[in-house]
Amino acid sequence: MNLSYREKSIWGSLITTLVVYGYYFTAVFSAARPSQVDRTALVRLMTAVFVIVMIEVIYHTVIALTSKVEPKDERDILIEGKAYRNAYFLLVGDLFMLMGMIILVGMTPFLTVNLMLFSVVISEILKSLTQLFLYRRVV
Amino acid sequence: MAKSRVRNNIRKLRFHCSEMTQQQLSEKVGVTRQTIIAIEGDKYSPSLEVAFRIARAFGVPLEDAFHYESEDQGAQE
Numbered sequence: 001m002n003l004s005y006r007e008k009s010i011w012g013s014l015i016t017t018l019v020v021y022g023y024y025f026t027a028v029f030s031a032a033r034p035s036q037v038d039r040t041a042l043v044r045l046m047t048a049v050f051v052i053v054m055i056e057v058i059y060h061t062v063i064a065l066t067s068k069v070e071p072k073d074e075r076d077i078l079i080e081g082k083a084y085r086n087a088y089f090l091l092v093g094d095l096f097m098l099m100g101m102i103i104l105v106g107m108t109p110f111l112t113v114n115l116m117l118f119s120v121v122i123s124e125i126l127k128s129l130t131q132l133f134l135y136r137r138v139v
Numbered sequence: 001m002a003k004s005r006v007r008n009n010i011r012k013l014r015f016h017c018s019e020m021t022q023q024q025l026s027e028k029v030g031v032t033r034q035t036i037i038a039i040e041g042d043k044y045s046p047s048l049e050v051a052f053r054i055a056r057a058f059g060v061p062l063e064d065a066f067h068y069e070s071e072d073q074g075a076q077e
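Which chain is which? The protein sequence lines are P and C, in order.
The numbers in our numbering rise by one with no breaks, and the one at position 11 of the first sequence is 11.
The numbers in our numbering rise by one with no breaks, and the one at position 17 of the second sequence is 17.
It cannot be assumed that every hint is accurate.
Result set (BS3-like, lysine-lysine): computed pairs, CA atoms no more than 30 Å apart in a straight line [to be verified]:
| hint | chain 1 | residue 1 | chain 2 | residue 2 |
| --- | --- | --- | --- | --- |
| 1 | C | K43 | P | K82 |
| 2 | C | K12 | C | K28 |
| 3 | P | K82 | C | K28 |
| 4 | C | K43 | P | K68 |
Taking beta-carbon pairs under 10 Å as the criterion, some of the chain C residues facing chain P (in silico) [claimed, not checked]:
| hint | residue |
| --- | --- |
| 5 | L13 |
| 6 | H16 |
| 7 | T21 |
| 8 | T32 |
| 9 | Q34 |
| 10 | E40 |
| 11 | K43 |
| 12 | P46 |
| 13 | S47 |
| 14 | G59 |
| 15 | P61 |
Estimated spans, in silico, between C-beta atoms of each pair [claimed, not checked]:
| hint | chain 1 | residue 1 | chain 2 | residue 2 | range |
| --- | --- | --- | --- | --- | --- |
| 16 | P | F29 | C | F52 | 52 to 58 Å |
| 17 | P | R44 | C | F52 | 50 to 56 Å |
| 18 | P | V62 | C | L48 | 35 to 41 Å |
In short, the hints are calculated from the structure, not lab data.
Ideal placement from N, C-alpha and C gives every residue a C-beta, glycine not left out.
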């Protein structure tokens, strides 16, 4: 498959997000007391963020050196806009659900923060998937 | 999503311009090659500005590069 620079960039971000946050959330939600803040949980979160940033920087440097970097044009911006719209609707839906859970169930701040982060990550994944779909299929 | 009713003669115009490649056209117009591919395949309707730039790249009027298919023409296909 002949991928453009932008598609390579999106694939890289998507896979990094899936792997690193997949590992992070598996560890957080399978912990014995997922609602408790402890040193390990904070270190795990900081490590996940640091690893994502490092991988993204290295990956984007590599594809910038090996692929032809093309500036965004109107179609890229249109696709990005549609992807952000989908991600926004999902994020808003998630946040309303989360607010309901906080009111009805009552959750600790740490669990709330992790569920909010989870919503953001899921929205980011949807944004990337929408972009990849539109680049290949429709627009 | 409905397929665009904006049709184009880009493939033909590229052929008449010494087989200009999609890459060369994209550089002249200032968009990515993927965008040229999408426009050429009637999958994406460019903005008026890009349409003018494409026509100018071939040195032809806009109507020679693009035309809008009427509903009757669309139904016949």
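Are P46(C) and chain P close enough, Cβ to Cβ, to be under 10 Å, as the hint says? 7 Å, holds
Below or equal to 30 Å on CA atoms is what counts here, so check K12(C) against K28(C). 17 Å, holds
Is K82(P) close enough to K28(C), meaning Cα to Cα at most 30 Å? At roughly 27 Å apart (the allowed maximum being 30 Å), K28(C) and K82(P) satisfy the hint.
Pair hint K43(C) and K82(P), alpha-carbon separation not exceeding 30 Å: Answer holds: K43(C) to K82(P) is near 16 Å, not above 30 Å.
Can you tell me whether the CB distance of F29(P) to F52(C) sits inside 52 to 58 Å? Cβ of F29(P) to Cβ of F52(C): about 54 Å, so the range 52 to 58 Å holds.
Is the hint on T32(C) kept, meaning its closest Cβ partner in chain P is under 10 Å away? Because about 5 Å separates T32(C) from the closest Cβ in chain P, which is inside the 10 Å limit, the hint holds.
Is the straight-line distance between the alpha-carbon of K43(C) and that of K68(P) 30 Å or less? 23 Å, holds
So, E40(C) near chain P? Judge it on the closest CB pair being under 10 Å. 13 Å, violated
Hint validation: H16(C) versus chain P, beta carbon distance must be below 10 Å. Holds or violated? The hint is violated - H16(C) has no Cβ within 10 Å of chain P, the shortest such distance being about 25 Å.
Quick check on K43(C) please, does its C-beta sit within 10 Å of some C-beta on chain P? Holds: closest Cβ of chain P sits about 7 Å from K43(C), inside 10 Å.
Supplied contact hint for T21(C), tested at 10 Å Cβ to chain P: With a closest approach of 14 Å, the T21(C) hint is violated.
Agreement of hint L13(C) with chain P interface, Cβ distance less than 10 Å: Status violated, d = 20 Å.
Violation of the numbered hints given earlier is confined to hints 5, 6, 7, 10, 14 and 15; the remaining hints are satisfied by the structure.
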